[in-house]
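Work from the hints to combine the two standalone chains into their complex.
The listed protein sequences derive, respectively, from chains Z and C. Sequential numbering from 1 applies to the first sequence in the numbering used here. Sequential numbering from 249 applies to the second sequence in the numbering used here.
It is possible that part of the hints are untrue.
Just the calculated beta-carbon pair ranges, DEER-fashion [as the list claims (entries may be wrong)]:
id : chain 1 : residue 1 : chain 2 : residue 2 : range
1  : Z       : D198      : C       : V602      : 53 to 59 Å
2  : C       : Q251      : Z       : F16       : 48 to 54 Å
3  : Z       : D198      : C       : F261      : 52 to 58 Å
4  : C       : L541      : Z       : E75       : 37 to 43 Å
5  : C       : A563      : Z       : L134      : 44 to 50 Å
6  : Z       : T244      : C       : L272      : 51 to 57 Å
7  : C       : A527      : Z       : G17       : 48 to 54 Å
8  : Z       : G136      : C       : M249      : 27 to 33 Å
9  : C       : L505      : Z       : G187      : 53 to 59 Å
10 : C       : M249      : Z       : D198      : 28 to 34 Å
11 : Z       : T244      : C       : A563      : 18 to 24 Å
12 : Z       : E233      : C       : F261      : 45 to 51 Å
These are calculated hints, taken from the structure and not from any lab test. From the three backbone atoms N, C-alpha and C, an ideal C-beta is built for every residue, glycine too.
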Amino acid sequence: MKEAPIISVRELTKRFGDFTAVDRITFDVGRGEIFGFLGANGAGKTTAMRMLCGLSRPTSGEATVAGYDLFKQTERIKRSIGYMSQQFSLYEDLTVRENIRFYGGIYGLPEARVREQGEALVRQLGLGAVADQLVGTLPLGWKQKLAFSVAIFHDPAIVFLDEPTGGVDPITRRQFWDLIYAAADRGITVFITTHYMDEAAYCHRVSVMVDGAVGAIGSPRQLKERFGADNIEDVFITLARRATRQAD
Amino acid sequence: MMQQFLLFVQKEFIHVFRDKKTLLLLFGLPVAQILLFGFALTNEIRHAGVVVVDLSRDALSRRLTDRIAASHHFDLVATGTDPTVADRLFRRGEAKLAVVFPPDFAATLVREGGADLQVVADAADPNTANALANYLTNIVLDFQRELRNGTDAPFRIHLETRMVYNPSLRGVTNFVPGVMALVLLLVCVLMTSVSIVREKEQGTMEVLLVSPFHPVLVILSKAVPYLALSLVNLGVILLLSVHVLDLPVQGSILLLLGESTLMILTALSLGLLISNVTASQQTAMLISLMGMLLPTILLTGFMFPLENMPWPLQAVSNLLPSKWYYIIVKAVMVKGLGFSAVWKETAVLAAMTVLLLVLSIRNFKIRLA
Numbered sequence: 001m002k003e004a005p006i007i008s009v010r011e012l013t014k015r016f017g018d019f020t021a022v023d024r025i026t027f028d029v030g031r032g033e034i035f036g037f038l039g040a041n042g043a044g045k046t047t048a049m050r051m052l053c054g055l056s057r058p059t060s061g062e063a064t065v066a067g068y069d070l071f072k073q074t075e076r077i078k079r080s081i082g083y084m085s086q087q088f089s090l091y092e093d094l095t096v097r098e099n100i101r102f103y104g105g106i107y108g109l110p111e112a113r114v115r116e117q118g119e120a121l122v123r124q125l126g127l128g129a130v131a132d133q134l135v136g137t138l139p140l141g142w143k144q145k146l147a148f149s150v151a152i153f154h155d156p157a158i159v160f161l162d163e164p165t166g167g168v169d170p171i172t173r174r175q176f177w178d179l180i181y182a183a184a185d186r187g188i189t190v191f192i193t194t195h196y197m198d199e200a201a202y203c204h205r206v207s208v209m210v211d212g213a214v215g216a217i218g219s220p221r222q223l224k225e226r227f228g229a230d231n232i233e234d235v236f237i238t239l240a241r242r243a244t245r246q247a248d
Numbered sequence: 249m250m251q252q253f254l255l256f257v258q259k260e261f262i263h264v265f266r267d268k269k270t271l272l273l274l275f276g277l278p279v280a281q282i283l284l285f286g287f288a289l290t291n292e293i294r295h296a297g298v299v300v301v302d303l304s305r306d307a308l309s310r311r312l313t314d315r316i317a318a319s320h321h322f323d324l325v326a327t328g329t330d331p332t333v334a335d336r337l338f339r340r341g342e343a344k345l346a347v348v349f350p351p352d353f354a355a356t357l358v359r360e361g362g363a364d365l366q367v368v369a370d371a372a373d374p375n376t377a378n379a380l381a382n383y384l385t386n387i388v389l390d391f392q393r394e395l396r397n398g399t400d401a402p403f404r405i406h407l408e409t410r411m412v413y414n415p416s417l418r419g420v421t422n423f424v425p426g427v428m429a430l431v432l433l434l435v436c437v438l439m440t441s442v443s444i445v446r447e448k449e450q451g452t453m454e455v456l457l458v459s460p461f462h463p464v465l466v467i468l469s470k471a472v473p474y475l476a477l478s479l480v481n482l483g484v485i486l487l488l489s490v491h492v493l494d495l496p497v498q499g500s501i502l503l504l505l506g507e508s509t510l511m512i513l514t515a516l517s518l519g520l521l522i523s524n525v526t527a528s529q530q531t532a533m534l535i536s537l538m539g540m541l542l543p544t545i546l547l548t549g550f551m552f553p554l555e556n557m558p559w560p561l562q563a564v565s566n567l568l569p570s571k572w573y574y575i576i577v578k579a580v581m582v583k584g585l586g587f588s589a590v591w592k593e594t595a596v597l598a599a600m601t602v603l604l605l606v607l608s609i610r611n612f613k614i615r616l617a
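For reference, chain C alone in the conformation it holds in the complex (with noise of 0.2 Å):
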């Protein structure tokens, strides 16, 4: 049995990797979106006018500004000592960020061992907010372990970070999860669904079920490719976001894996109900797109706030996997938060497919009756 069902597995392979167009929008997708997002980032963040508040001005204070004004991502446009002149900068458009140095800045970080330091971004645009301080965050970072150097001091420079106009900082931090939650159902429930479908279409579906090879088997080699595609799209998405993105994995990985292995689970069986609802291929991929994707897309939180929507849509959107997924992947990843924070929304997941599962198992036992 062991080895028909490897033989199962490896002729699904081969549908896929004969589809070569499939296979170039299935990879091709994830890795545009994010890059696009990624090089739409990189234009913003070249020159943006930073203002530094200094109310210390000491050697150490100086030495940071000039490696601020240095740096390509940034342009000096003002320097003083009048907090106020960052909020009127703001206002104007002409700065995006203010870095704000207190009063006896290095004789604090020399005296104590650390000292703090202020950032305030415009978070009007989240997304260059946040890249930007994550470029300030570097620098510091940089700045503070050459100043370790050849000392046992510990020098520690808390970056006290505050996004003003957007404080809730919609942009990146969304982008990513939402691409992952995208991409896990795109290819598990459209690649799925038309993959039985076809089989249905094709007349293939029927010589299976009269075969002595096992139905639930048919359905299992079926979700090993898309589920191994998925992991690896998955690994390029989280590469891309560390390393295009500056969105670095904050949490377990192990746990992220776990959990986004989870919603491909939950995937799959959609997609497995939806090919037993649908005879062709096309009306598949129809409910696929129109029922998921587009739900996922306006209803999941990161396009669209949640919080602001009726309540009608909000109770909607509790009905996506998706939703769900997207908030763990927002605490694993980007808040780095362990399992204890969404072990409620990984057994609502856990629920969901258990639910679907057995729904389309049944359904597919009575197509057979």
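Chain Z extracted, bound-state conformation (with noise of 0.2 Å):
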């Protein structure tokens, strides 16, 4: 990593009342890596995701998210960013075409644009056939496509994505680290919340959070070998095990 970090994150902490949901969090990713963000419930990554989001404010600390600072330029990053929700976000009651139309839009992107890579893309994703369906109509690993595509639709630096592969088949999900990899090819850098450990294997690199701390972080290699492990699942239960908190 020659060149500054995409996402740079210093001491970043949140506290509720009492409650410190992120402790000190202190990594970089660098521009078109895939960072796994690991950790079981309740240790506090959707809560660190937020944070680099805008959608929740630090309580101290200090972060930059594609070059600019998280405290005073969050209508920046806003513009630079992609997000997709553990839920897909998509509209049920919206047509592929029009979730494509309305989340182009609220980008800002020329109408001209939306369209032409608009339709690009359901070609790309085979979806011509069911574009003027409702969405709610469509099987989940589609909606999982389409949403993931709509979130780097306006060509953010990075995409965010909180668990995106919940409840869905083994075979749709290596589809859908397809488009992953394409979109990290692109130079857009992926960051990635995720329960399975096959996906965390699929990054360039992983953090794995305990009890809202960093414990570890590096590529799946580096882990497995610091942990005298065989794979992923056995380095997080490892470090699962250390947790003092309860899971929610």
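Structure below.
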């Protein structure tokens, strides 16, 4: 990582009253990297991600996202990132085309570009036959792929994915990861939280959160070596056992 | 920014129009309420018993009596010169309306260009009494027009309507303003809160908040379709009330629409506030229905008179926007009063709106932080 990191986090902390949800986390993410954010339920990974997206204000610490200060340049950050929430975040009562048009539109993309790029996307995802159907009628896997494509439609520097593959079968998940790799090849940095340990192995680097802090960070290979484990799951379990906090 | 806003509003309209069941409910409910009421009325007002007390016994009084008897709304059950007959028939329930011609009715009319005609209605059933009085008014107006035909004489018959047994006349004049308040509340509070909370549930709200689209614009875009729907609903109610229920808008229709828009804004702000403190559509619906609709029906004053309630309930009723709106609508629509008569109520509503809006926007920002 010779060039400046696209996400730089120093001692970032979030407290809710007495409870410290995220405790002085520090890490960098490089441009074009697929960065996995792992952790048990309640370990603080969603809170950390929400802070980086500007959905939650940090209590203390410093961070830059896409080169902008997290505290002072939130509006700039918003223009540079994409986000996909756990629930796919598409409107079920809108058609595929309408969803694309709406999300493209609220990012202020010109109408002509939205139309052109939207049609290309529909073709690329093989959704031509259902483009005018309500999204609610599509299978989960299709919705999820569409949601991801919509999240990067405005060509953000970073896309944040909050447990995007919950509830879908392994084959669809694999196809979803093909999309993620394609996005990373385009230079989009991918920041992803997940429960699935096989997915952690797909990431360039992962960070495992334990009790609101970063328990370990490195490439999957590095982590396996450091913990003398055969797979990431064992690494995760070793770390998770150290947790004192109750899962929610 | 404007283009994004319009796009958002368009999306909101799609949500509304795709949800056929809710749409049907939104438009069906007021129509059903008004029509139900209208039909209940028409069943009552055919062949209502009427007593004519004719103290004048001249050509004109007889012509008018014939006219009344010929109407399918009325059955002439008695005529005479004894005013106590009416009272007796009222008590026995055989007559609902009495028309009293004063002595020298025709002579006075010709000589002075105007004469009094007294109408007494049994207002124990206020809806019927009001409708009957309206029908009688129409008959008399027709008659008056006919008399004037070909002459320059004014021939004005002054109707002096008196409601007995229930002088304050709670009925149709209460019902329409009540339905208006109810529908505006239902559409705006319920639909706004549900539509915002739905975005939270779907996870789309987060995506919107992450996007550069301004949160306040999210709220505004949500408000536009419901504002529009409510105004359409209001129009339907007014058309029905004028043409089906014979309850014309006495005052300025512009004032009425202005006040209604204020009420819509109040309700929208309330819906916004509810959506801020709830996380699921069911909770939002429950709060809107139990917390708003029920008190509105019970404590606004159109179902049960507020004057008879114990003071704690009266105090609570002061907190309901619908109570103030109801007073305004009655004053403007039924009594034909102007802004000077309702400025206090308007000020209360406006203050409530500002308060609710400040509260909810502040809450909304806190959630973002």
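Structure-based check of all given hints:
no.: 1; hint: D198/Z <-> V602/C: 53 to 59 Å; in the structure: 55 Å, holds
no.: 2; hint: Q251/C <-> F16/Z: 48 to 54 Å; in the structure: 38 Å, violated
no.: 3; hint: D198/Z <-> F261/C: 52 to 58 Å; in the structure: 43 Å, violated
no.: 4; hint: L541/C <-> E75/Z: 37 to 43 Å; in the structure: 40 Å, holds
no.: 5; hint: A563/C <-> L134/Z: 44 to 50 Å; in the structure: 48 Å, holds
no.: 6; hint: T244/Z <-> L272/C: 51 to 57 Å; in the structure: 55 Å, holds
no.: 7; hint: A527/C <-> G17/Z: 48 to 54 Å; in the structure: 19 Å, violated
no.: 8; hint: G136/Z <-> M249/C: 27 to 33 Å; in the structure: 30 Å, holds
no.: 9; hint: L505/C <-> G187/Z: 53 to 59 Å; in the structure: 55 Å, holds
no.: 10; hint: M249/C <-> D198/Z: 28 to 34 Å; in the structure: 44 Å, violated
no.: 11; hint: T244/Z <-> A563/C: 18 to 24 Å; in the structure: 52 Å, violated
no.: 12; hint: E233/Z <-> F261/C: 45 to 51 Å; in the structure: 48 Å, holds
Violation of the numbered hints given earlier is confined to hints 2, 3, 7, 10 and 11; the remaining hints are satisfied by the structure.
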